[in-house]
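**Student:** Letter by letter, the chains look like this.
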Amino acid sequence: MPAMNIIQALNSAMDVLLERDPDVVIFGEDAGYFGGVFKATDKLQDKYGLDRVFDTPINEAAIAGMAVGMAAKGLKPIAEIQFADYIFPAIDQIVSEMSRIRYRSAGQFTAGCVVRAPWGGGIRGGQTHSMSPEAFFTHVPGLQVVVPSNPYDAKGLLIAALESGDPVIFFEPKRIYNGPFDGVPDTPLKSWAKHAKGEVPEGHYTVELGKAEVVREGEACTVLAYGTLVHVAQAAAEASGIDAEIIDLKTLAPYDIETIAQSVNKTGRVVVAQEAPRTSGFAAELAAQIQEECFYALEAPIFRLTGWDIPYPHAHEWAYFPTRDRFARAMKTVTEA
Amino acid sequence: MPAMNIIQALNSAMDVLLERDPDVVIFGEDAGYFGGVFKATDKLQDKYGLDRVFDTPINEAAIAGMAVGMAAKGLKPIAEIQFADYIFPAIDQIVSEMSRIRYRSAGQFTAGCVVRAPWGGGIRGGQTHSMSPEAFFTHVPGLQVVVPSNPYDAKGLLIAALESGDPVIFFEPKRIYNGPFDGVPDTPLKSWAKHAKGEVPEGHYTVELGKAEVVREGEACTVLAYGTLVHVAQAAAEASGIDAEIIDLKTLAPYDIETIAQSVNKTGRVVVAQEAPRTSGFAAELAAQIQEECFYALEAPIFRLTGWDIPYPHAHEWAYFPTRDRFARAMKTVTEA
Amino acid sequence: MSNGQSRFHVPTPPYRPGDEPDFTHLDLQKAGAAPRPDPAVGWEETRDLATGLVGVLDHNHQAVGAWNPELSAEVLREGLSHMVLTRIYDERMLKLQRQGKMSFYMKSTGEEAVAVAAAMALKPTDMVFPSYRQQGILFARGRNIVDMMCHCISNSRDNLKGRQLPVHYTWAEGSFFTISGNLGTQFPQAAGYAMACAYKGEDQIAASWIGDGTTAEGDFHAGLTLASTYRAPVIFNVVNNQWAISSNQNIARGDAPTFAAKGLGYGLASIRADGNDFLAVYAATQWAAERARQGKGATLLELFTYRGDAHSTSDDPTKYRPKTEFDRWPLGDPIERLKQHLIGKDEWDEDRHAKLEEQMTALVVKSYKEAESHGTLHEGPLSPTESIFEDVYAKPDWRLRRQRQDLGV
Amino acid sequence: MSNGQSRFHVPTPPYRPGDEPDFTHLDLQKAGAAPRPDPAVGWEETRDLATGLVGVLDHNHQAVGAWNPELSAEVLREGLSHMVLTRIYDERMLKLQRQGKMSFYMKSTGEEAVAVAAAMALKPTDMVFPSYRQQGILFARGRNIVDMMCHCISNSRDNLKGRQLPVHYTWAEGSFFTISGNLGTQFPQAAGYAMACAYKGEDQIAASWIGDGTTAEGDFHAGLTLASTYRAPVIFNVVNNQWAISSNQNIARGDAPTFAAKGLGYGLASIRADGNDFLAVYAATQWAAERARQGKGATLLELFTYRGDAHSTSDDPTKYRPKTEFDRWPLGDPIERLKQHLIGKDEWDEDRHAKLEEQMTALVVKSYKEAESHGTLHEGPLSPTESIFEDVYAKPDWRLRRQRQDLGV
Ligand SMILES: Cc1ncc(C[n+]2csc(CCOP(=O)(O)OP(=O)(O)O)c2C)c(N)n1
Ligand SMILES: Cc1ncc(C[n+]2csc(CCOP(=O)(O)OP(=O)(O)O)c2C)c(N)n1
Ligand SMILES: [Mg+2]
Ligand SMILES: [Mg+2]
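Protein chains in written order, with the numbering used here: chain A, 1 to 337; chain B, 1 to 337; chain C, 1 to 409; chain D, 1 to 409.
Keep in mind that the hints were calculated from the coordinates and are not lab data. Glycine included, C-beta positions come from ideal geometry on N, C-alpha and C. Some clues are possibly wrong.
[To be verified] In silico negatives: residues of chain B with every beta carbon more than 12 angstroms from chain A:
1) D46
2) G203
3) V214
4) Y255
[Stated by the list, open to error] Only pairs whose alpha carbons sit at most 27 angstroms apart, straight line, appear in this in silico DSSO-like list of lysine-lysine:
5) A:K47 - C:K200
6) C:K323 - A:K73
7) B:K47 - C:K200
8) B:K39 - C:K319
[What the hints assert, rightly or not] Chain A is faced by these chain C residues, among others (derived, beta-carbon under 8 angstroms):
9) L94
10) S180
11) L226
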């Protein structure tokens with residue numbers, strides 16, 4: 001099996017989808033000829049033609065609205081928002097339209113599509129190239145929200161997302177596009193080639209939406225993470241020697257409550273992590289649900305490890321980011337409480 | 001002191017603000033001559049002139065962007081979004097601009113203003129006139145989020161909001177504009193005149209942002225609510241005979257952790273309520289923070305009483321709404337657990 | 001400070017309650033005067049059409065000029081009948097709303113031609129993305145009236161399972177998209193849909209409607225930008241009924257001459273037509289549809305009309321505009337004008353008209369009876385309560401399954 | 001399916017890498033040919049200006065025609081000096097970015113006139129709402145270069161405390177608004193600011209800049225709609241540098257003739273000017289400013305130019321356009337053109353120019369040394385870490401106080 005990084009895996013997923021189904025179309029700002037600013041759609045216009053992979057005007061509402069209209073006619077659009085930070089101009093089309101077409105028409109129309117966006121920080125992008133706005137979308141009925149953490153999942157989840165028939169917000173942790181990250185600011189970039197999930201089949205396969213994965217078994221505490229932080233959590237467990245069980249959520253809406261509860265009932269101690277600002281982030285949902293679900297198993301307060309309630313700062317990025325050391329401290333706190 | 005309903009109290013607040021400070025301007029769709037579709041700005045254009053209280057084009061992004069620009073020049077804008085459901089076209093200007101002007105300019109510019117919007121359901125408004133999107137805004141650093149539950153607070157909080165110098169999202173529970181609501185679908189409308197908080201001073205006063213109020217003392221459990229549900233909670237306590245302590249949060253960002261923790265440490269049992277869909281709602285934040293803050297005092301799982309994860313339905317509104325009976329059941333659940 | 005003098009300009013309507021509206025100064029291009037270019041012309045050739053006024057019916061109710069679509073009397077009578085039905089239906093539903101049978105209603109009084117003529121000029125399979133004020137399309141497309149009413153009273157037979165406010169219809173079978181409560185969102189959607197039609201190599205096109213006030217929304221710009229870039233086969237209709245709830249068209253239009261003129265800035269063919277002239281609406285739509293089907297892209301049509309009644313059951317228009325404005329409005333009433341045109345051609349008479357009205361009234365009354373037999377909002381039966389958990393996704397996930405249990409349904 | 005034939009239209013650029021760009025067919029209005037109406041005219045009088053091209057410097061570098069602002073040689077030399085400084089600064093910063101001294105950079109090569117001439121034609125107190133590519137304004141307004149650099153390298157003296165990406169300047173003292181990374185948001189803000197100026201009865205106006213690609217954003221429409229409705233004293237500049245990262249101007253413009261023509265649809269005065277002609281930019285800005293100050297409202301100015309270098313340090317333009325396009329671009333280089341004009345007037349010569357470049361290079365080098373003495377992004381010192389919790393609100397609430405404690409700073 002070839003080694004791929006996340007960008008290559010996404011590119012391969014889209015290639016597979018375009019190849020198999022003429023109803024698949026892909027578009028976004030710079031997504032056509034140029035292949036996207038991160039190269040996720042590289043060479044696809046050349047291979048499939050101008051009307052299947054194309055550039056859009058810089059209007060995110062237009063991109064989302066066009067996706068809704070196309071999906072209503074039976075196409076299967078994958079729309080790229082250049083950075084998750086720029087999804088807000090599209091949010092009315094997503095929250096009030098895309099997510100509700102099936103519901104408000106009682107199933108007469110649907111809006112199955114994928115909205116992809118590079119997401120998260122750790123790349124010195126400053127406040128407008130670093131956001132993790134997943135919490136907003138998990139609060140919207142009718143949307144599915146996915147955040148892969150490795151090349152294998154990225155491809156399998158993207159294919160599953162488009163094939164689900166319902167809209168999916170697909171956030172891509174850009175910090176780990178080219179290699180996993182251990183949450184230590186100056187660590188040199190590692191390659192996906194050395195990671196088990198860097199092996200990616202060429203053809204069609206899916207990774208089931210709504211299913212989490214225990215990526216490290218442990219007894220001392222449960223760590224819930226997604227995207228970049230899955231790797232930071234793993235590095236923290238190794239570095240600290242704390243026997244953490246680490247769960248990669250993969251799908252945030254709907255999240256996999258079963259896998260989560262099973263682990264928490266075993267460990268009784270939990271860290272939930274997110275890069276986004278703390279208040280009302282997705283970690284809050286997890287903590288709220290877990291304390292309800294596993295109340296009597298909990299032996300310590302659930303620890304929310306998050307970004308601060310500030311815009312993502314540029315120069316002090318690492319003071320904001322949940323680094324390996326902050327992760328290790330969090331694990332220590334919950335295991336010692 | 002005159003009896004006012006919430007609309008009259010808001011109108012009085014704006015009258016006071018316009019009167020005292022020539023930098024105050026008010027605008028929104030139908031907010032000028034017509035005085036707003038709910039009449040909150042009634043007669044103010046006539047009294048203060050066309051350039052102080054005026055109609056805007058139907059473009060919520062323009063409304064928010066105009067407020068930012070005006071505030072940068074030292075005006076104190078109060079912008080009305082006709083329904084909270086229609087705030088999404090403005091959300092990029094709010095999330096990426098209004099909330100960050102002070103931060104990204106390191107204090108060189110500020111964007112103090114208030115964005116008012118009628119909010120919440122229970123008025124047969126269907127999915128586009130019933131939303132409670134507060135969770136989105138509580139997740140945004142730099143914003144304050146306020147939801148009054150009665151005329152006295154509505155006026156005092158609105159004045160405090162504009163005088164705070166920072167942007168405030170001010171959500172008005174339209175179900176109780178004209179009278180409190182007990183959460184029983186067919187109860188005839190009560191009047192604010194018979195409610196202690198229906199007495200509203202004519203002149204200037206403020207209700208402090210960030211402070212919650214214990215509106216009913218009790219020992220059996222703590223109920224956290226805001227807006228309409230404060231009254232539903234009270235009715236449920238009366239109807240069920242459960243000795244609930246009920247806290248009206250008033251400000252959601254920043255919420256009053258002290259008052260909350262004090263009560264929870266006393267009762268050990270908590271219901272947090274919201275009308276919005278369950279997943280990633282503001283109740284999740286409260287539950288997450290409380291279990292961290294008061295872990296060892298908790299005697300039962302924190303109960304989230306919420307709307308369902310569906311768009312607000314029209315005909316089955318009361319199957320969605322956290323009614324008095326659902327409230328009572330929730331209180332029973334936590335006290336008996 | 002409160003001298004009414006604004007230091008920036010805030011447009012005011014020409015008339016407010018108490019004023020005597022006088023539209024004699026309005027300089028409207030005469031019916032028949034506008035030339036009709038070939039539908040395949042460059043958009044530049046529509047410049048004058050965007051600021052003029054395409055009209056067919058003159059002040060004597062005669063069809064004149066190049067835009068006359070030369071419709072048979074039969075087709076005209078059909079159009080008249082749909083418009084009469086629309087109006088009677090609206091009246092009846094308003095009454096029923098006042099009686100508490102439904103939560104909300106929105107009439108289209110005075111604007112019937114905008115919907116009916118357009119629907120008749122399109123193919124029945126062309127996908128329409130209307131706003132909440134084009135119920136006329138449904139009549140023109142033969143939607144079952146009982147079904148329409150069942151939606152409005154949210155009963156057990158509401159095809160939307162009680163999920164939407166009244167008049168927010170959906171009818172996929174009739175190529176009628178699901179109406180949104182959020183203004184303007186349908187414009188980029190219609191562009192996307194139209195692109196998908198072109199993509200599939202089909203002859204189908206899309207058409208969408210928004211109001212004058214809604215042109216201010218970002219989505220108006222989104223839709224037109226998409227259409228201009230991709231030459232999407234879509235018709236964008238701006239129904240300029242001069243009011244957006246209480247705000248006059250000049251709040252959205254500002255200093256622009258017409259709403260149609262906005263299309264020129266996108267390089268789109270742009271036409272302003274007399275929206276109260278059935279023939280003009282028909283002809284302009286036909287032209288735009290032909291253009292779209294020829295692969296020449298989108299057209300922006302401004303249909304100049306007047307909102308004859310309240311915005312919805314939630315407002316009282318006498319609070320912000322003169323009661324007499326509709327009567328004084330020089331472009332009159334679309335039903336009256338088509339009726340007189342047919343009478344002038346000896347293809348209609350007052351008796352037949354009265355009879356038509358009677359028939360339609362009877363149909364509406366009878367239909368409502370039947371609709372009510374399936375329940376009403378307040379008395380039920382409604383769609384089953386558990387149906388609120390359906391259609392959120394293709395399959396409910398654990399959250400919805402649990403929540404349904406919590407509710408006990 | 002992959003035959004390159006699209007079933008809807010997707011615009012492609014005239015030239016891609018490998019092609020030989022040839023702009024001889026471009027029909028640009030000759031310098032001096034456009035008439036200059038009084039700044040108080042009705043917007044209708046600007047129709048031809050919106051599709052033409054206001055130019056002053058002809059192909060012999062002589063100032064000709066009605067738009068010649070008749071600036072003194074001193075003012076012209078000042079403009080030249082600011083443009084030269086801008087370019088040298090950009091070059092230097094790019095180099096430093098490549099050396100890892102800063103995280104990111106964006107040059108304005110080839111577009112210096114758009115910023116510098118506009119800033120000189122405005123009053124220093126007029127509030128500007130730029131995009132990330134008008135650093136020329138700062139030089140024209142006398143911003144301390146060391147301070148600019150301290151921002152770009154995010155050091156302890158960065159006036160934005162390291163919170164913003166490089167080139168996202170703010171300078172309130174110089175009436176320079178805080179630059180956003182989110183495209184287009186500044187247009188409605190500038191309209192609101194301008195309205196506030198009018199409200200306060202002040203002479204101050206606002207001006208804003210966006211790129212050609214950004215005209216597609218909803219906020220473009222929001223800004224122009226506000227300005228049209230309220231006649232706000234604001235100047236909207238569209239810097240048409242023909243590229244939006246990799247997408248050609250025709251993706252945003254679609255079938256519209258020019259970006260300026262979009263303003264006409266709002267009833268705004270609209271002018272397209274040669275953005276590489278210092279005198280034309282100056283004259284057009286002066287005209288629009290005068291119009292705004294007279295209470296006649298907003299102007300949309302399209303400044304036709306070419307993005308001479310990469311979009312930012314994150315892209316490689318040779319991947320999507322011919323390397324030779326800038327050289328072939330008929331409107332040339334704004335610095336070279338102003339220089340030749342001054343030489344032609346005997347007010348400048350190659351020696352003086354070389355000396356100016358030397359001086360500016362020396363200034364930039366010296367300034368950078370000083371800037372670096374206050375720290376760099378990677379080596380520090382930065383602003384104190386705890387400063388990340390400041391300025392979120394006027395006063396930090398309990399959440400921020402606790403979070404600061406948690407971080408241990
Ligand atoms: C995004 C959004 N903003 C505001 C509203 C509230 N609203 C409903 S109808 C309306 C006026 C629309 O006027 P116009 O576009 O002229 O259409 P008309 O009602 O005249 O047909 C407004 C402001 C809304 N539904 N959606
Ligand atoms: C809302 C938003 N969407 C997308 C982007 C990403 N982006 C940054 S610059 C750019 C191209 C802008 O092109 P143009 O407006 O022509 O300005 P130029 O860079 O040519 O000066 C894009 C797409 C963004 N910054 N903001
Ligand atoms: Mg209207
Ligand atoms: Mg550009």
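**Student:** Evaluate each hint against the coordinates.
**Tutor:** Taking the hints in turn, this is what the structure says about them:
The Cβ of D46 (chain B) lies farther than 12 angstroms from every Cβ of chain A, with a closest approach of about 33 angstroms, so its non-interface assignment holds. The claim that G203 (chain B) is not at the interface with chain A holds, since no C-beta of that chain comes within 12 angstroms of its own (minimum 34 angstroms). Every beta carbon of chain A lies more than 12 angstroms from that of V214 (chain B), the smallest distance being close to 22 angstroms; the non-interface claim holds. Non-interface call for Y255 (chain B) relative to chain A: violated, since the shortest CB-CB distance, roughly 9 angstroms, does not exceed 12 angstroms.
Between K47 (chain A) and K200 (chain C) the CA atoms are separated by roughly 19 angstroms; this keeps the pair inside 27 angstroms, and the hint holds. With a C-alpha separation of about 44 angstroms, the suggested pair K323 (chain C) and K73 (chain A) falls outside the 27 angstroms cut-off, and the hint is violated. Distance check on the hinted pair: K47 (chain B) and K200 (chain C) sit about 59 angstroms apart at the alpha-carbon level, beyond 27 angstroms; violated. As the CA atoms of K39 (chain B) and K319 (chain C) are separated by approximately 12 angstroms, the hinted pair is consistent with the 27 angstroms bound.
With 8 angstroms as the threshold, the beta carbon of L94 (chain C) stays out of range of chain A, its nearest partner Cβ sitting at about 24 angstroms, so the hint is violated. Residue-level restraint check for S180 (chain C) holds (minimum Cβ-Cβ distance to chain A is 6 angstroms; threshold 8 angstroms). Hint status for L226 (chain C): holds, given a least beta-carbon distance of 5 angstroms to chain A, under 8 angstroms.
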